[in-house]
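Listed here are the chains, written in short residue letters.
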Amino acid sequence: MIRNPQLNANGELTHLLTLEGLPADVIRSILDTADPFVSIAEREVKKVPLLRGKAVFNLFFENSTRTRTTFEIAAKRLSADVINLNIGASSTSKGETLLDTVDNLVAMDADIFVVRHSQSGAPHLIAHHLNAHGRSHVHVVNAGDGRHAHPTQGLLDLYTIRHYKKAFHELTVAIVGDVLHSRVARSLIHGLTTLGTPEVRVIGPKTLMPAKVEAMGVRVFHDMREGLRGCDVVVMLRLQSERMKGALLPSPGEFFKNYGLTQEKLALAKADAIVMHPGPMNRGVEIDSPVADGERSVILPQVTFGIAVRMAVMSIIAGN
Amino acid sequence: MKIEIANGRLIDPANRVDRVASLYIADGKVAAIGAAPSGWRADRVVDARGLVVAPGLIDLSARLREPGLEYKATLESEMAAAVAGGVTSLACPPDTDPALDEPGLVEMLKHRARSLNLAHVYPIGALTVQLQGTALTEMGQLSAAGCVAFSQADVALLDTDLLWRAMQYASTFGYRLWLRPIDPHIGRTGVAHDGEVATRLGLPGIPTSAETIALSTILTLVRESGVRVHLCRLSAAESVAMVRAAKKEGLPITCDVAVHHLHLSDVDIGWFDSNTRMVPPLRTTRDRAALRAGVADGTIDLVCSDHAPVDDDGKQVPFGEAEPGVTGLELLLPLTIKWANEDGIELSSALAKITSEPAKVIGVAAGDLAVGQAADVCIFDPSAWWKVERGALSSQGKNTPFLGLEVQGRVRYTLVGGKIVHEIDA
Chain A
136 MIRNPQLNAN
146 GELTHLLTLE
156 GLPADVIRSI
166 LDTADPFVSI
176 AEREVKKVPL
186 LRGKAVFNLF
196 FENSTRTRTT
206 FEIAAKRLSA
216 DVINLNIGAS
226 STSKGETLLD
236 TVDNLVAMDA
246 DIFVVRHSQS
256 GAPHLIAHHL
266 NAHGRSHVHV
276 VNAGDGRHAH
286 PTQGLLDLYT
296 IRHYKKAFHE
306 LTVAIVGDVL
316 HSRVARSLIH
326 GLTTLGTPEV
336 RVIGPKTLMP
346 AKVEAMGVRV
356 FHDMREGLRG
366 CDVVVMLRLQ
376 SERMKGALLP
386 SPGEFFKNYG
396 LTQEKLALAK
406 ADAIVMHPGP
416 MNRGVEIDSP
426 VADGERSVIL
436 PQVTFGIAVR
446 MAVMSIIAGN
Chain B
47 MKIEIANGRL
57 IDPANRVDRV
67 ASLYIADGKV
77 AAIGAAPSGW
87 RADRVVDARG
97 LVVAPGLIDL
107 SARLREPGLE
117 YKATLESEMA
127 AAVAGGVTSL
137 ACPPDTDPAL
147 DEPGLVEMLK
157 HRARSLNLAH
167 VYPIGALTVQ
177 LQGTALTEMG
187 QLSAAGCVAF
197 SQADVALLDT
207 DLLWRAMQYA
217 STFGYRLWLR
227 PIDPHIGRTG
237 VAHDGEVATR
247 LGLPGIPTSA
257 ETIALSTILT
267 LVRESGVRVH
277 LCRLSAAESV
287 AMVRAAKKEG
297 LPITCDVAVH
307 HLHLSDVDIG
317 WFDSNTRMVP
327 PLRTTRDRAA
337 LRAGVADGTI
347 DLVCSDHAPV
357 DDDGKQVPFG
367 EAEPGVTGLE
377 LLLPLTIKWA
387 NEDGIELSSA
397 LAKITSEPAK
407 VIGVAAGDLA
417 VGQAADVCIF
427 DPSAWWKVER
437 GALSSQGKNT
447 PFLGLEVQGR
457 VRYTLVGGKI
467 VHEIDA
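Listed in order, the protein sequences are those of chains A and B. Going by this note's numbering, the first sequence opens with residue 136, and the numbers climb by one from there. Going by this note's numbering, the second sequence opens with residue 47, and the numbers climb by one from there.
Rather than coming from a laboratory, the hints here were simulated on the basis of the structure. None of the values given here were measured: they were computed from a predicted structure. You may find that some hints are simply not true.
As the list claims (entries may be wrong) - Per the computed footprint, the stretches of chain B lying under chain A, defined by three or more beta-carbons under 8 Å from a beta-carbon of chain A, are:
id, segment
1, 138 to 149
2, 239 to 246
3, 360 to 373
Idealized CB from N, CA, C, for every residue including glycine.
Make a model of the complete structure from these sequences and hints.
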């Protein structure tokens, strides 16, 4: 497994597992491919035949409504057949292993697996298994694995930033909140640094910062006001409810006081700074409603772009 | 049966021997070295020219998976792996199912091992009933049944009062305690060293403090009680420094490291290679350097395989769900040689770490080739390369991060009690 497992021998994308290690050209070409798909949504007939006759299996071992739905819409707009499988945690209790499940679905002639799993690295395991068993024509798209990666979210975040801000090499981007548990943060950090963003900041309490996160090429701030100063883009992360009280944080109220995004704190960023959030939002915990609904929020366009980006990813890997 | 091992390079670290000499074996014991005893007529002559003739290796931690875990490995497969790796004595941790906490289980294991007539097996008894950390086992009966030491294997002890009492009780009767420093709280949900790699891969981390806090607790209680403790499987630079200072202070401790920790770091996790999932976790290259230096200067007394065969079902799952463990009996020798070669350590000094030093900790008369000793011998070709592949391993466990690696040092003959129990052609 020395070669980047998501690229084939020609350097073309065959799986999308993480943004880490993807060449900037590959990332740019995904964003460029997404451009025309955005306008498809504005047409009367919102379909193209790129994946006609292909079967996309949404393989969700962890619950998700939004991500699964956007993948489903993206695949349907590409004319693919979509099969949704919410496997949850019950499959292992029935005795079937992850790879047994995959083998069974391959036997049903799956072309693309869209995988979400609570364990970091599960999509890598599946991709490696397919490659090792001569089934590299079956593609894997990581739809979020543990704390590791959420590459299509990272790509849609990049697409959104590029849409509003153009040049990555002039930007200061702040990512705020629970970085420790966030696959969204990790994927965005890799994407931004690969595309040459000179300053990526992470802001949060020490309990929600992973060890040696600076090694990913970010500056760490614990004071949100200081961290927001001069930012072009502010990305708020979702705080899972089970982490709001306990050893990591005393209460959601105290978190909001220190790290919730309010109009007053946003005023420290640049005047034209945009506000992003991967959703679903906890209003009053990580973000104040006037900000979420304000004119600088691009949270809903993110969702729209997400469909186009996922169409781009699936059409590219299916062609390689 | 009289066996003459002719003209090999005899390395016997305990007796400071390193020269070309023939070894004469009769009645299961070393009969003479260099010159044949009078009236010598060998039943068999082994041509050992170009080979190293060393004491049989002693592995302080090798799981045979019996009783109860036979789907991972059996006594037959793992005892074959032991002698294929030149290991003639091994201690097996109590983390079986059920745990080795009753004399009957220990006697059965010893009986099964003896009937195979391969390596000597020294069971390590459970320190607490079912390794649950609440009540001491009957250490007297377990010792009588053959336990050479007592441990909690990889199970952290929640109750430090019980640890203290266990030390007092064990020292009353001179029982040995082998303890692995693991904090029961910090890093308990972790699966990899809490550093750059775990952060990048999104794996829950195990900080170094999970080891150093427990180590500090053990050292404090050793200072208090004067009990002799063997510390198992250090993984961090800070731990090596603490042990070095404690030894300087004069505390009665010894310690070991698993051989794979001398070669790998968390970077080797790569793209979630579940064969690198182990306890303690692989730490940074800085830690690895400190462990190597610790073995070289004697802070770490010995090296073991920490053999833990895991079946494919236990490894072909996402990293965090994978069962920890590395198969290692057959790699103990080549990986020790690799360390010696890379760090410029004399072969004799390196072999001491897997022969005479572990013999002292177990407290058995083995690990050297003095005249009159039982003839447990490992004869290997120090320059032969071989590739670590599934098919090349006798162990039922194929779970090693070294798969695909070419290693140097190939065992040609293994003798236990003067009998050739393993033999391969050049």
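TODO: Count the residues of the segment 360 to 373 of chain B whose CB lies closer than 8 Å to any CB of chain A, then report whether that count reaches three.
DONE: Held - the segment 360 to 373 of chain B has 6 residues with a Cβ nearer than 8 Å to chain A, which meets the minimum of three.
- [ ] Between the segment 239 to 246 of chain B and chain A, see if three or more residues pass the 8 Å beta-carbon test, and mark the coverage as holds or violated.
- [x] holds (count 6)
Open item on the list: Can you tell me if the segment 138 to 149 of chain B counts as covered by chain A, using C-beta to C-beta distances under 8 Å and a minimum of three residues?
Closed with: violated (count 0)
Hint 1 alone, counting from the list given before, is not met by this structure.
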